[in-house]
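Chain by chain, the residues:
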Amino acid sequence: MMLLACLASPAAAAEVPAGTAALPPPSPPPPPPCDQMPGLAQAFSGVSTLRAAFTDRKDIAILDAPLVSSGHVFYQRPDRLHMATESPSRQSVTLVGTRVRVVQEDLGREQAMDLGTSDVAKAVVANILLVLGGRIDALSALYRCTAEPERDAWRMTLVPLREPMTKVVRRMVVLLARDGTLREVRVEELDGDSSTMSFTDAVSNRPFTDPEVRSYFTP
Amino acid sequence: MPCPTARSPTRRYGPISLRDPRTYARLALLLLLAWSLAQWRSVRLETDITKFLPDGEERRRLALSGLVKATGFSRGLVIDVGVPDRLADETGADAAAALVDGLAADLAASGQFKSVRAGTESAMGADFQRLYFPRRLAFLSDAPVAAIPRIFSPEGLAAALARLKDALMLPSAPLVKRLATSDPILSFADLLQRIQDGAAKLAPRQHGGHWFSADLRHALVLTETAAPAFDTDAQQAAIALVRERFAARDAEAGGGFALAFTGLGRFVVESEHRAKADIAFASMASTIACLLLFLAFFRRLRFLALAFVPVSLGVAVAVGVLAGWKGSIHGLTLGFGGVLVGAGIDYPILLLNWLRSPPDGAPGAEARAARAMRRNLSAGALTSVAGFLVLALSQYPGIREIAVFCMVGIGSTFAFTLLFLPPLRPWLAPRPGQPAPAATRLPIDRALAALARHRLVVQAAILALAIASAAALPSLRLEDDARALDAGNPETLAEDAAVRSHLPTSGFPRLILASGADLQEALALNDAVHADLAARKAAGTGPDFASLHPFLPAASLQSLNLATLSALPDPSASVRDALAKAGFKPDRFQAFQDALVDAREGRVAPLLPSDLAGTALGGILDGFSFDHDGRSWVLSLAGPEVAPGDLDGVAHSDGTVMVLDPRTLVSSLVTSSQLQTLWLVVAGVLANVVIIAVIRRRPRLAVATLAPTLLTLLVVTGGIAALGVPLNFIHLVSLLLILCTGTDLGMFLLDDDAGAAGGVGSAPTVLLSASTTAASFGILAFCQTSALASVGVTVGAGIVILCALTFAIRAVSQGGRHASS
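Chains A and B are the protein sequences, given in the same order. Each residue of the first sequence is one higher than the one before, counting from 787 in my numbering. Each residue of the second sequence is one higher than the one before, counting from 5 in my numbering.
Just chain A, same shape as in the assembly (with noise of 0.2 Å):
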């Protein structure tokens, strides 16, 4: 709670090194708007569980070479999260609501932590939430979405309007099959960062069992 709330205040802010934050402005997006695409929304807002295979790169300037590593995903609508990293080391984060339980295993270490007293960990949870939720309504207020088909798929452009997304993220992409699974989530930060993840093997609406629940979702 506090950590994050730390990492996340303004003062922490302030700690970006000058120069990394300018970047040209993204070019215009193409329209139509999301929810005028037609079967987007029914496809995207389709998903109630989720369960996918995760590779996940980011470049990083700081970082000589882009991070990349893989795992599991698991995804219960409305608030619920389970990202099991199995590649280079594993570690878990699972999210129920605002609480986030952090498990590094290979490090020994495991942290629980609250979201509710930072605005941009929230934000930035809660983002991963309406996305994998399929939750175009409530990405619509928050960002200007687009989207443009594809082959056999769309391809969302969210472009945060309002704080605190608007001082981290410049836009989002995501890439969506024509039968609502995740195929691939980008985020372009402000100060030129990116992160990559790509889904495969996902199985979508098929419910979770009890055990299921206990083992994914307990924060």
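Don't read these hints as lab results, they were simulated from the structure. Wrong hints could be hidden among the right ones.
[What the hints assert, rightly or not] Within a straight-line C-alpha distance of at most 16 Å, the following computed EDC-like cross-link-like pairs (lysine to aspartate or glutamate) qualify:
| hint | chain 1 | residue 1 | chain 2 | residue 2 |
| --- | --- | --- | --- | --- |
| 1 | B | 118 | B | 256 |
| 2 | A | 953 | A | 977 |
| 3 | B | 585 | A | 949 |
| 4 | B | 169 | A | 949 |
| 5 | B | 589 | A | 979 |
| 6 | B | 169 | A | 872 |
| 7 | B | 541 | B | 650 |
| 8 | B | 118 | B | 645 |
| 9 | B | 169 | A | 979 |
| 10 | A | 908 | A | 865 |
| 11 | B | 118 | B | 201 |
| 12 | B | 541 | B | 235 |
| 13 | B | 541 | B | 645 |
| 14 | A | 908 | A | 949 |
| 15 | A | 953 | A | 974 |
| 16 | B | 169 | A | 845 |
| 17 | B | 169 | A | 850 |
| 18 | B | 589 | A | 845 |
| 19 | B | 169 | A | 892 |
| 20 | A | 908 | B | 94 |
| 21 | B | 585 | B | 159 |
| 22 | B | 589 | A | 850 |
| 23 | A | 953 | A | 979 |
| 24 | B | 280 | B | 237 |
[Claimed, not checked] Simulated DEER-style distance windows between Cβ atoms:
| hint | chain 1 | residue 1 | chain 2 | residue 2 | range |
| --- | --- | --- | --- | --- | --- |
| 25 | B | 511 | A | 896 | 25 to 31 Å |
| 26 | A | 821 | B | 511 | 34 to 40 Å |
| 27 | A | 818 | B | 594 | 45 to 51 Å |
| 28 | B | 89 | A | 851 | 50 to 56 Å |
| 29 | B | 574 | A | 872 | 35 to 41 Å |
| 30 | A | 887 | B | 112 | 34 to 40 Å |
| 31 | B | 594 | A | 887 | 47 to 53 Å |
| 32 | A | 896 | B | 614 | 31 to 37 Å |
Only a predicted model underlies this, so the values are computations on that prediction, with no experimental measurement involved. No residue lacks a Cβ here, since even glycine has one placed at the ideal position from N, Cα and C.
Using the hints provided, position chain B relative to the given structure of chain A.
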């Protein structure tokens, strides 16, 4: 019919004479009364039951535990707003948060609250950052001499940077990244995590910046009243405001929200209400009972007024003496005082009855009766004062207060009776032809004669009662629950428990206090306590705990961190090498290199308590530290026992570190000195036995005088044991009251001279005396305060048994004499 003037009252009780020593005694008594009444203006009523607990180390511990503020309960009121069932999940929490915001604003604007907090202050994160981030290298380790060289070794740096990479892979990477270039070893994140695991774990769950219970169904507000908890008027006003403003805000929010609150102030207000109600009830009911009994026996109101005046003045003097001595008087003492009317009224009743009885014309009978009357009144007062004098040696300050109150009250009543009533004899003496008082016509003598005819049966019954009572004694047990003495309102207690269960502090019931001559010394000792607790917890032998240490270690420890860092060979190169090897771009980390230089060159000052003053973090320090007895104290909280004696050895024998469990402390205090009180009561009984033996001179008469009292004490104690009621020190004081009353009854009822002298020792008068005492104390059984109810039941029943046994023994004794004659 003898001449009423034969006793020549004007000779003995004539006009005021400066040569009469009684004139000076009366004057001194009136001056004492005037002084006492003057003291009443400044007297303060106490209701805290812990004031009754024994002096000594444990009482000091209790006082210390009362100063602990981290839990919030001693500072003011903890308000709990329950979410209605119709509002689910976060919708309900959001609605409660909105209501709480309005309520908090109302309370803050009233001026009756020093602080009203419904959540973590928004400036907390920024204040943490401002105060701690520049000092992060002063907080590197609790054992810096060993740890810091390890941290800055190539292996240590490689491990830290691997952790940083892991952290950058988490969804929180955008946040971690912000500090990475100035803190790649994650020292600030570690510090915040340690604080999170320490004092911050006592903070309730957050939702939208508001405090909530873990299930998000109760919004919580912590308030501190502007007035102290024992300012009952101010506390009452604050409580009324909370109720009124909540009702208004609840209506605005659509209704259905539930208000619960607790805090020391609420208990103080309710205790004082209870005490005042009990005092008023006991005084009023006991007075009415005495009035009715008096009217039933004597049918004359003027005698009633005369009987009450000495008692009332005696109580007035007792209150005045306590006020002058202590400046305060406890509610329980006043409860006793209210019924002292019933015990003290014996003297005026017996004297008045003698003064208004027709004189015996037999030669010498009148003088003999006067001597007997004075002797018996004096003996009654002397035995009572002696009993309470012994009790004044008790370790319980409250018992000492009651003892002084009773000694002064009974002594003053006796003095007022003996000095001011006899001169009224000309007005009281019966006129020629006036019928005997109604009381003397009661058929008690016939009843006694009937008992005397069956003396063997009576003796057998008394013996059986004594054996049965003695047989029950082994099952007697001492009270070990303080709540039995002053049980609060059950609804309030339930509400208190519910609110407490919604706060994380409920999981940390034990207190560990470290003290020092100043705050830095206490903080240094607290650092050692933290190390001890952490080692026990890590080994699985100690409980979970919350400590101030991670938040504010002693300045000496912080300085040692900085000094150890300065003593390292320049770490800049090894940091660069480690960054490069880990795949980071070293040039991006110049902020960290600059921070290392600042720390090594003395440009970083340790964090001091004064730095926290006036910031959003000041409340944390305030909640975990306080000054008392000229020393500074720092608090840690420990969870429930993981094994018996899991905190053994944490406390220091010199008292600089204490381990307290407030829940059991009061109860251990209650039981700790009860045995001593029991022995004091036994000593009081022995003192009475000696006094009666000296006064009676004849062993048979002394035994007859004492037998009813001693038997009654045995029967009452046996009855308490047989009923399974734990014996507490209030019961023991009650036994002493029975003893005092019993010796009075024995002196008067079993005195040949007094009886022969025309009614002083006559059965009806003694019956009236016993009835007023029994009624007065019996009324206490209906008090709300458990301790007073204990006295009421014990003494009320005891006096009835005492009366029956005294009359039975008189009957047996007379029957025996008649038989032998």
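Hint by hint, here is what the structure shows:
The straight-line distance between the Cα atoms of residue 118 of chain B and residue 256 of chain B is roughly 26 Å, outside the 16 Å bound, and the hint therefore fails. For the suggested pair residue 953 of chain A and residue 977 of chain A, the alpha carbons sit about 10 Å apart, so the restraint of at most 16 Å is met. Between residue 585 of chain B and residue 949 of chain A the alpha-carbon distance is near 37 Å, which puts this suggested pair outside the 16 Å criterion. Only pairs whose Cα atoms come within 16 Å are accepted, and residue 169 of chain B paired with residue 949 of chain A is rejected, the gap being roughly 27 Å.
Taking the CA atoms of residue 589 of chain B and residue 979 of chain A, the gap is about 14 Å. The hint holds against a cut of 16 Å. Simply put, residue 169 of chain B and residue 872 of chain A have alpha-carbon atoms about 14 Å apart, close enough for the 16 Å limit, and the pair holds. Distance check on the hinted pair: residue 541 of chain B and residue 650 of chain B sit about 10 Å apart at the alpha-carbon level, within 16 Å; holds. With a CA separation close to 35 Å, the supplied pair residue 118 of chain B and residue 645 of chain B exceeds the 16 Å bound.
Restraint check for residue 169 of chain B and residue 979 of chain A: satisfied, since their Cα atoms lie roughly 15 Å apart, inside the 16 Å limit. Under the criterion of a C-alpha separation no larger than 16 Å, the hint pairing residue 908 of chain A with residue 865 of chain A is consistent with the structure, at around 12 Å. For the hint linking residue 118 of chain B to residue 201 of chain B, the alpha-carbon distance of about 29 Å lies beyond 16 Å, and the restraint is violated. Between residue 541 of chain B and residue 235 of chain B the CA atoms are separated by roughly 41 Å; this puts the pair beyond 16 Å, and the hint is violated.
Only pairs whose Cα atoms come within 16 Å are accepted, and residue 541 of chain B paired with residue 645 of chain B is accepted, the gap being roughly 11 Å. For the hint linking residue 908 of chain A to residue 949 of chain A, the alpha-carbon distance of about 12 Å falls within 16 Å, and the restraint holds. This hinted pair checks out: residue 953 of chain A and residue 974 of chain A have alpha carbons roughly 12 Å apart, not beyond 16 Å. Between residue 169 of chain B and residue 845 of chain A, the direct Cα distance comes to roughly 12 Å. Compliance with the 16 Å bound is thereby established for this hinted pair.
Restraint check for residue 169 of chain B and residue 850 of chain A: satisfied, since their Cα atoms lie roughly 12 Å apart, inside the 16 Å limit. As the CA atoms of residue 589 of chain B and residue 845 of chain A are separated by approximately 13 Å, the hinted pair is consistent with the 16 Å bound. At roughly 13 Å between alpha-carbon atoms, residue 169 of chain B and residue 892 of chain A fall within 16 Å of each other, so this suggested pair holds. Only pairs whose Cα atoms come within 16 Å are accepted, and residue 908 of chain A paired with residue 94 of chain B is accepted, the gap being roughly 14 Å.
Proposed proximity of residue 585 of chain B and residue 159 of chain B is supported: the alpha carbons are some 11 Å apart, at most 16 Å. For the hint pairing residue 589 of chain B with residue 850 of chain A, the CA-to-CA distance comes to about 6 Å; that is within 16 Å, so the pair holds. Between residue 953 of chain A and residue 979 of chain A the CA atoms are separated by roughly 13 Å; this keeps the pair inside 16 Å, and the hint holds. As the CA atoms of residue 280 of chain B and residue 237 of chain B are separated by approximately 14 Å, the hinted pair is consistent with the 16 Å bound.
Taking the beta carbon of each, residue 511 of chain B and residue 896 of chain A are about 18 Å apart, not inside 25 to 31 Å as hinted. At roughly 47 Å, the beta-carbon separation of residue 821 of chain A and residue 511 of chain B lies outside the given 34 to 40 Å, and the hint is violated. Range check, residue 818 of chain A to residue 594 of chain B: about 47 Å between beta-carbon atoms, so the 45 to 51 Å window is met. Checked against the given bound of 50 to 56 Å, the beta carbons of residue 89 of chain B and residue 851 of chain A, roughly 55 Å apart, stay inside it.
Against the hinted window of 35 to 41 Å, the Cβ-Cβ separation of residue 574 of chain B and residue 872 of chain A comes to about 40 Å, which satisfies the hint. Between residue 887 of chain A and residue 112 of chain B the CB atoms are about 35 Å apart, so this pair conforms to the stated range of 34 to 40 Å. Checking the proposed 47 to 53 Å range against residue 594 of chain B and residue 887 of chain A shows it is violated: the Cβ atoms sit about 35 Å from each other. The hint said 31 to 37 Å for the Cβ distance between residue 896 of chain A and residue 614 of chain B, and at roughly 35 Å that hint holds.
In summary, the numbered hints that this structure violates are 1, 3, 4, 8, 11, 12, 25, 26 and 31.
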